[in-house]
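Asker: For reference, the chains in residue letters:
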Amino acid sequence: MSVRARARLRAEPDGRGGSALPVLESDGPLALRRTRSPRPAYARVTVVGAMSAPLNGDHLAVEAQVADGARLTVDAAAATVALPGPRADADPSTYTVDLTVGEGAVLHWLPEQLVSASGSRLHQITRVRLAPTARLLLREEQILGRHDEPTGALTTRLTVHRAGRPLLDQQLAYGPGAPGGWDGPAVLAGHRAVGQLLLADPAFEEGPPPSRLLGPTAALTPLAGPAVLVTAVAPDARLLRGLLDDATRELLDGLKEDHP
Amino acid sequence: MSRAALLVLADGRFPAGGHAHSGGAEPAVAEGRVHDADSLADFCRGRLHTAGLTAAALAAAAAHGLDPLALDAAADARTPSPALRATARRLGRQMMRAARATWPSPELDALAAARPRGAHQPVVLGLTARSAGLGPEDAAHCAAYETVSGPATAVVRLLSLDPYHATAVLARLAPETDRVAQAAAEAARRGIDALPAASAPLLDITAEAHAAWPVRLFAS
Numbered sequence: 001m002s003v004r005a006r007a008r009l010r011a012e013p014d015g016r017g018g019s020a021l022p023v024l025e026s027d028g029p030l031a032l033r034r035t036r037s038p039r040p041a042y043a044r045v046t047v048v049g050a051m052s053a054p055l056n057g058d059h060l061a062v063e064a065q066v067a068d069g070a071r072l073t074v075d076a077a078a079a080t081v082a083l084p085g086p087r088a089d090a091d092p093s094t095y096t097v098d099l100t101v102g103e104g105a106v107l108h109w110l111p112e113q114l115v116s117a118s119g120s121r122l123h124q125i126t127r128v129r130l131a132p133t134a135r136l137l138l139r140e141e142q143i144l145g146r147h148d149e150p151t152g153a154l155t156t157r158l159t160v161h162r163a164g165r166p167l168l169d170q171q172l173a174y175g176p177g178a179p180g181g182w183d184g185p186a187v188l189a190g191h192r193a194v195g196q197l198l199l200a201d202p203a204f205e206e207g208p209p210p211s212r213l214l215g216p217t218a219a220l221t222p223l224a225g226p227a228v229l230v231t232a233v234a235p236d237a238r239l240l241r242g243l244l245d246d247a248t249r250e251l252l253d254g255l256k257e258d259h260p
Numbered sequence: 001m002s003r004a005a006l007l008v009l010a011d012g013r014f015p016a017g018g019h020a021h022s023g024g025a026e027p028a029v030a031e032g033r034v035h036d037a038d039s040l041a042d043f044c045r046g047r048l049h050t051a052g053l054t055a056a057a058l059a060a061a062a063a064h065g066l067d068p069l070a071l072d073a074a075a076d077a078r079t080p081s082p083a084l085r086a087t088a089r090r091l092g093r094q095m096m097r098a099a100r101a102t103w104p105s106p107e108l109d110a111l112a113a114a115r116p117r118g119a120h121q122p123v124v125l126g127l128t129a130r131s132a133g134l135g136p137e138d139a140a141h142c143a144a145y146e147t148v149s150g151p152a153t154a155v156v157r158l159l160s161l162d163p164y165h166a167t168a169v170l171a172r173l174a175p176e177t178d179r180v181a182q183a184a185a186e187a188a189r190r191g192i193d194a195l196p197a198a199s200a201p202l203l204d205i206t207a208e209a210h211a212a213w214p215v216r217l218f219a220s
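Chains as they are written, first to last, in UniProt numbering: chain H, 1 to 260; chain B, 1 to 220.
Just to be clear, a hint being listed does not mean it is correct.
To be verified - Residues from chain H that keep clear of chain B, each with C-beta distances beyond 10 Å, as calculated: (1) R4; (2) R8; (3) G18; (4) Y42; (5) P84; (6) R157.
What the hints assert, rightly or not - One-sided and incomplete, this derived list gives chain B residues near chain H with beta-carbon spacing under 10 Å: (7) H49; (8) L203; (9) A212.
Think of the hints as simulated: they come from the structure by calculation, not from any bench.
Quick reminder that beta carbons are idealized off the backbone N, C-alpha and C, glycines included.
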């Protein structure tokens with residue numbers, strides 16, 4: 001029996017310098033919990049996996065809105081593991097994330113890793129709409145297979161629009177059934193952990209940080225719009241997270257006033 | 001459509017500057033990831049299905065008549081590496097010069113005026129195909145083929161690989177190149193929101209590293 005679930009949340013300014021959560025709806029395996037935020041101006045929501053998901057055939061969705069002037073951090077209690085599930089003939093699972101960030105609002109979207117277990121098939125779609133003065137810190141990590149197993153089939157697409165214009169559009173496809181060469185010298189060259197860290201901030205209109213290598217398999221690059229993207233590949237999840245954590249710290253240090 | 005016009009546009013001697021670029025093969029060779037004909041084939045296959053599909057769809061969309069400025073913005077969003085954006089615009093400017101001399105058209109003039117420092121090369125390529133009376137499939141084939149022929153030619157120089165072996169790599173990839181071009185043209189007919197955005201993390205990362213090399217044989 002496949003699962004169809006849609007979780008929703010919405011953050012709004014609470015009028016006292018913080019952010020309230022007038023909408024916080026869990027659904028099926030997507031359990032949302034309000035947790036204590038170390039940043040006083042931010043509301044914080046932690047996604048708690050209530051059961052193993054997605055299995056092939058499941059359709060999961062999360063919708064988050066950050067109203068004008070609100071600040072929200074969303075993180076997760078554990079990695080998401082895409083699993084094959086009981087039915088070999090099931091369709092691929094889907095995991096759709098829709099994020100909207102209003103004027104002067106801030107969203108830190110920092111889920112844990114997405115692990116593609118052997119035999120699983122998952123399409124992940126993340127769509128973000130940013131108002132012109134919205135700020136976004138977004139991290140995505142794809143781990144191809146659990147320890148010492150071949151990867152499942154994973155496709156991801158990350159589409160970000162800012163002020164109605166495309167800011168970033170990236171599609172990745174790995175594993176059985178993916179177009180040839182995905183593990184070859186142009187794409188992954190055997191690396192099993194892939195990550196993106198996006199920071200969009202109107203402060204970068206003045207000139208984003210210059211392009212820089214963060215080691216041999218990671219680069220920080222200014223996009224054509226006011227944003228920077230860190231693209232990294234690594235042998236495993238731990239090394240990848242280390243790279244992205246260092247980059248996050250450094251980027252936010254440069255923007256302390258905007259992400260208090 | 002004129003088959004001969006397609007040959008003129010796809011000819012490696014068409015004066016659009018592509019020969020100075022390795023399509024990421026130079027850093028891949030330097031790091032030992034491409035070292036013989038088999039690893040070249042794997043590199044080309046990966047590039048074909050990522051950067052190649054994306055470029056082919058942009059070219060097909062421009063040939064189909066979609067707004068070239070919207071496509072140029074879509075190309076920017078699909079190119080996180082500033083080194084690769086600069087390369088795409090430089091090549092676009094060179095192709096524009098050749099195109100306006102070869103198949104002049106008001107649409108090329110308008111894009112040249114709107115993007116004097118160059119639009120993304122696949123968009124210019126697609127519009128050039130349109131000006132030459134060619135269709136989306138033709139433009140997609142040119143763009144897809146370029147994404148593999150560039151690295152194959154470069155690796156002959158970088159590794160002293162036997163040119164017969166490099167050409168055999170391209171010949172064996174031909175059926176996949178056809179499929180990528182077909183998929184790109186079909187996506188282009190569904191509109192700008194349907195265009196693929198397939199990307200290759202290592203191509204983006206190593207392009208930045210390569211751009212900082214003090215001495216290199218190829219511009220990208």
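Asker: Please go over all the hints and tell whether each is borne out by the structure.
Answerer: Against the structure, the hints:
In this structure H/R4 is separated from chain B by more than 10 Å, as the shortest Cβ-Cβ distance comes to about 24 Å. No Cβ of chain B approaches the Cβ of H/R8 within 10 Å, the least distance being about 24 Å, so the stated non-interface status holds. Even its closest Cβ contact with chain B, about 34 Å, leaves H/G18 beyond 10 Å, as expected for a residue assigned away from the interface. The claim that H/Y42 is not at the interface with chain B holds, since no C-beta of that chain comes within 10 Å of its own (minimum 27 Å).
Every C-beta of chain B lies more than 10 Å from that of H/P84, the closest at about 24 Å, which supports listing it as non-interface. A cut-off of 10 Å between C-beta atoms contradicts the statement that H/R157 is not in contact with chain B; the least separation is 7 Å. The criterion of a C-beta within 10 Å of any C-beta in chain H is met by B/H49, whose closest approach is roughly 3 Å, and the hint holds. With its C-beta approaching chain H no nearer than about 6 Å, B/L203 sits inside the 10 Å limit, and its interface hint holds.
The interface hint given for B/A212 is met, as the beta carbon of that residue sits about 8 Å from the closest beta carbon of chain H, less than 10 Å.
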